[in-house]
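Visitor: Chains as they are written, first to last, in this note's numbering: chain V, 1 to 326; chain X, 327 to 869; chain U, 870 to 1260.
These are calculated hints, taken from the structure and not from any lab test. From a predicted model like this one, the values you see are computed outputs, not experimental measurements. No residue lacks a Cβ here, since even glycine has one placed at the ideal position from N, Cα and C. Hints may be right or wrong, so weigh each one.
[Said to hold, decoys possible] Listed below are the simulated DMTMM-like cross-link pairs for lysine to aspartate or glutamate, each with C-alpha atoms no more than 20 angstroms apart in a straight line: (1) Lys-102/V <-> Asp-985/U; (2) Lys-855/X <-> Glu-275/V; (3) Lys-1074/U <-> Glu-1135/U; (4) Lys-471/X <-> Asp-509/X.
[Stated by the list, open to error] Have a look at the derived ranges for each label pair, beta carbon to beta carbon: (5) Asn-754/X <-> Asn-1067/U: 49 to 55 angstroms; (6) Leu-629/X <-> Ala-1201/U: 38 to 44 angstroms; (7) Ser-1035/U <-> Thr-763/X: 28 to 34 angstroms.
Okay, here's what each chain looks like letter by letter:
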Amino acid sequence: MSQNNANQFSDLKRFEAKLNAPFQAIRSGLRRDQVWPFLLPDESKVNIDKDILLYIEGLNLSFDGFKALNELNLYINKGELRCLIGANGAGKSTLMDVITGKTQCDSGQVFFGQNIDLLKQDEASIANLGIGRKFQKPTVFEQQSVFDNLELSLKANKSVLPTLWAKLTPLQLDKIQHVLSIIGLSKQAYQLAGALSHGQKQWLEIGMLLVSEPRLLLVDEPVAGMTPQETERTAELLTSLAGERTVIVVEHDMEFVRSIANKVTVLHQGSVLAEGSMQEVQSNPEVIEVYLGEEAATPTPPATKKTISAPNISKVSLINNKEEKA
Amino acid sequence: MKQFQNLIYGLIACFSFAFFSVYAVANDSQSAKAKSDTELLVALTQVKLKQMNPLLDQIKSSQAQTALPIFKTLLEGRLYYVRSGKHLIQMQKIGKEKHYFELESATALPHLTKKLVKKVKLNNSVRRYLRSAIAELELSHPDAKIRAAALQSLLSNLETNLQVTIEKRRALETDNKVIDLLDVALNLYQLKQSESAALQIKAIEQLASRLEIPVKNQLTTVAETSPDPAVKQAAFDALKEIEHSTNRYELVDQLFFGLSLGSVLLLASIGLAITFGVMGVINMAHGEMIMLGAYTTYVVQLLMPNHIDYSLWVAIPAAFMVSGLMGVIIERGVIRHLHGRPLETLLATFGISLILQQLVRSVFSPLNRQVFSPSWMTGSLEINPILSLTLNRLYILAFALIVFFALLTLLRKTSLGLNVRAVSQNRNMAKAMGVKTGWVDAMTFGLGSGIAGIAGVALSQLTNVGPNLGQAYIIDSFMVVVFGGVGNLFGTLVAAFSLGIATKFLEPVTGAVLAAIIVLVFIILFIQKRPKGLFPQKGRAAE
Amino acid sequence: MTLINTLFGQGKNKLDSRQQPGQKTLPFVAILVISTLLACGANLLLPESSALYVSTHTITLLGKYLCYAMLALAVDIIWGYCGILSLGHGAFFALGGYAMGMYLMRQIGDRGVYGDPVLPDFMVFLDWKTLPWFWQGMDQFWFAILMAVVIPGLLAFIFGWLAFRSRVTGVYLSIMTQALTYALLLAFFRNEMGFGGNNGLTDFKEILGFDLQADSTRVSLFAITAFLLAVIFIISQYLMNSRMGKVILAIRDGESRARFIGYRTERYKVWLFVYSAIIAGIAGALYVPQVGIINPGEFSPINSIEIVIWVAVGGRGTLIGAIIGALIINYAKTRFTALFPEAWLFALGGLFVLVTLYLPKGLMGLWETIQAKINKPVPEAKDEMKTGVSS
């Protein structure tokens, strides 16, 4: 009998708990010391306890039998400035495509922090996680003004309704003006971006990256089409960003790489060939063999690539014009 | 005045009689018979109804060949005779008016009026006699096809008095198909008349493999009314079996119609598969290229009205030239300037399609035009009572496949094909290699349009030729190309046939319109799921 | 506040002013309102003998043009601003029209030929006994209006959600939209659908108790159309000047880039598509009482393509351009079909070709060029409309 009573009692308790559950939920939803989870910026969800921001493991990708990425492993520390170098077709841009969600890989893992699987996210949410990218070919919105281009890239809630009601806060306005002066386009702020020169478009791209305040910047050939002075400024800019933000730079201009990088990763045929400081990499016998070997195999002199800023073909010209693209 | 006329007709009759006489004299051996034949026929106009049957019997036995048409005409109530001279003629109603013709040569006799002629009378007993006599005559007809056809029509109305005739014929018959039919008839007699359940069941078993509708009807009656449960069961089983094979053949029939629709879709979309699929040009005037082809057929037939049978052979190259030339003009005049702007190309070519439609409307009138089928394309291939394949659809199916594979060979084996593929894959590179891209564009577009023209020739054999002909096909053909995968000719082939078959299988369930809608919606959903179609092109180059 | 700013076209400072060139809202709205008032006044107040009298027929015609202008606006929003060429907007227009038509049909009541108090004539003719479920509630004006907005919006949402999510773009999408309206055309031709089949819905008597033939009703309908056009114009202008408008332009010129900045472009596209479809639905609902008939012909693909040409002629990517294009071409059509009915399709077809070849920015583009030349002969800004999109 008493047991029966106890049973009834526990039933009652469970029932009460059930009744209370929604109230509890509401109550916890109304707590002032916490922010609703869906209001949290995506970025803050990233867990980087181990100081490693990006884990890339066993990445494979092939286009019609051509292995663009081959068991690629790469770890990027928080606050690091890393340069990726390698010949055309070594997989540098493809790697960036995979990280930003443009291309699906065949197998492997890409984790942002310890907890976010980038392969499960689409481009927009990857961007909203704080991964910004500057493309190889400058792609700005040519029909809109420089100012609008920057406004679009601002770090903000980018869903439909908030965007509809969005207004520039003074802080954001200041930010845009600041970036405009950094990239030297203050005077052209109301020009259509399409009317800018190639180098200016490069700067605008960098500016768009800057206003978005990303945690990880993927920068693809930033100095193509820039004058030596501008190249220098870019180098300065990127080094100043490192530390607070993490930067991955892909660049063919070895002079530029040497000037900014403390750590360089050499990609070859879709996987990492060598990693270390510029000196280490340059003296790495494997690297030398691969590049010099290839150079010996191709009798044509290494032509200058898309880079217009030709003066910096370095001693160890790692650039090879072999068309390996499928 | 009237008498005078009568006199003249009398004279004519006399002359014709005289002619017969001369004829008879000339063929001395047959003269007696011919004379008696003529007399018999004349007697037909005078005899009383009661004596009609013996007289007809006489005619039947004396002249099997001529009797058949006379009997048929008589049965249809179209046998008349000229009052004066008792000359037999046939009447035919055209519209509401009666017209008179010679019995054998079917030459018109325009001078005869209602007053001058009289109908040969007949009653039901005569009709009954005539029916069996006709059947008998047809059953012994030298042509096996006519014998078979006669039997087919007999089956639905088997009269007891014919059983003997059929049995006799069965003993003589050599043609397998006719033997089968004769057996069916005999089995039906057996089923109807036999008292023995065993014999009935045996008949039922033999009938179970037949698809003729009378067989089914008879079996149904037996299954419902037979007093013997065993017979009933046998009939029931046989019906089931028949049902089964009927369904199977109906399925084949549907499949054929599906393939036929598929071939039409294929023809309509191959041209598009080239211009849209390979070149990447959106040509909304593609349907009008088909229409031009159809109108070319019409014009060719106008130009050679006496050689309709050969007209298609002229029309095919002509349509190819007309539509192809129009295609080249459009490409050079408009599309060339819109390179790399697909949406603008779409709009401009749509404008062209409006102009072409209105042009045809102004030149040929907005009404549909009649395009004739050559005689070798009419008729059908009868496989069994359920399944018969119409020849025009069969030919068009074959034609579509021929055009498809010819085009495939052209693209794969010739230098034009090589150039086309080169330009479609990398225009600038091809240009750098010395390919005249402009020329290749024009030729490719001309080719695609020309094939659309050929499709128009084929379509003119199936549907009405009017200014809106092309519009009806443009959406369907785009769907086919997109569904199959742009740039993949085999995809187009598979897509055309699968859509055709799917539509035809849906139609009996949902009705034609709803089937079309369902297929459209299906494709829309499919494209959402697989934007590159059934057989997408792979790799980086495709992006 | 921002709305007012939009209306008057003035920004707080240079940085905040986001007006696009040639997009002054106030002059247009003023012209629209004043000419509407003048036309209404000229019809109602002046005697018929007056030289300035505007006949009711003309008023109805103008009302029809304004509906078309609204439709053109809808297409321009989605095509001119977002680069999605819809060849199926006629379907949304027709759906809105059918919703209104159903209401008007129910209003006939027992005054139909067969005198059935509930069933419309064609249902009696088809020997139907009860009203189909989707006709329920359509006798309520508010419900019909709601349906005129909801149904096109819902269809656009479903279609857009499916299409944009799987990233169907460009010509494929255009053909899909055309197939959509074609499928609806086939469906509405069926008697079994319960929308009057081939004949559609017609013989309307009154709307909200007002006689549809009366001058005052016609003038009011015209005025309401003009008013709604102005409202939609202002809202659209606000939308396009907001940051959302910028995102939409960004999607047009470089969708993947916009995605890499963090915008879920498919959602923007879906909602814009829905917005555009709703405008088309409203236009249809206003069109039907003025024209007095709605039939499946409105679904035919050629109608939808005609809308596109209005926008192209006027100048896509400018709201005013779309409206001007619709007005001019429809006026020309009325004139042309009266004078040389045969030549109209030639003219229309020729217009398609000429505009795409020689006037890619339409009349507004022409106007801007002329203006620029008059003001100061500046070397033109590089004009690369499509570099980002058409790869």
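Visitor: Now tell me, hint by hint, if it's right for this structure.
Guide: Verification of the supplied hints:
no.: 1; hint: Lys-102/V <-> Asp-985/U; verdict: violated, 62 angstroms
no.: 2; hint: Lys-855/X <-> Glu-275/V; verdict: violated, 42 angstroms
no.: 3; hint: Lys-1074/U <-> Glu-1135/U; verdict: violated, 43 angstroms
no.: 4; hint: Lys-471/X <-> Asp-509/X; verdict: holds, 16 angstroms
no.: 5; hint: Asn-754/X <-> Asn-1067/U: 49 to 55 angstroms; verdict: holds, 52 angstroms
no.: 6; hint: Leu-629/X <-> Ala-1201/U: 38 to 44 angstroms; verdict: holds, 40 angstroms
no.: 7; hint: Ser-1035/U <-> Thr-763/X: 28 to 34 angstroms; verdict: holds, 33 angstroms
The earlier numbered hints that this structure contradicts are 1, 2, 3.
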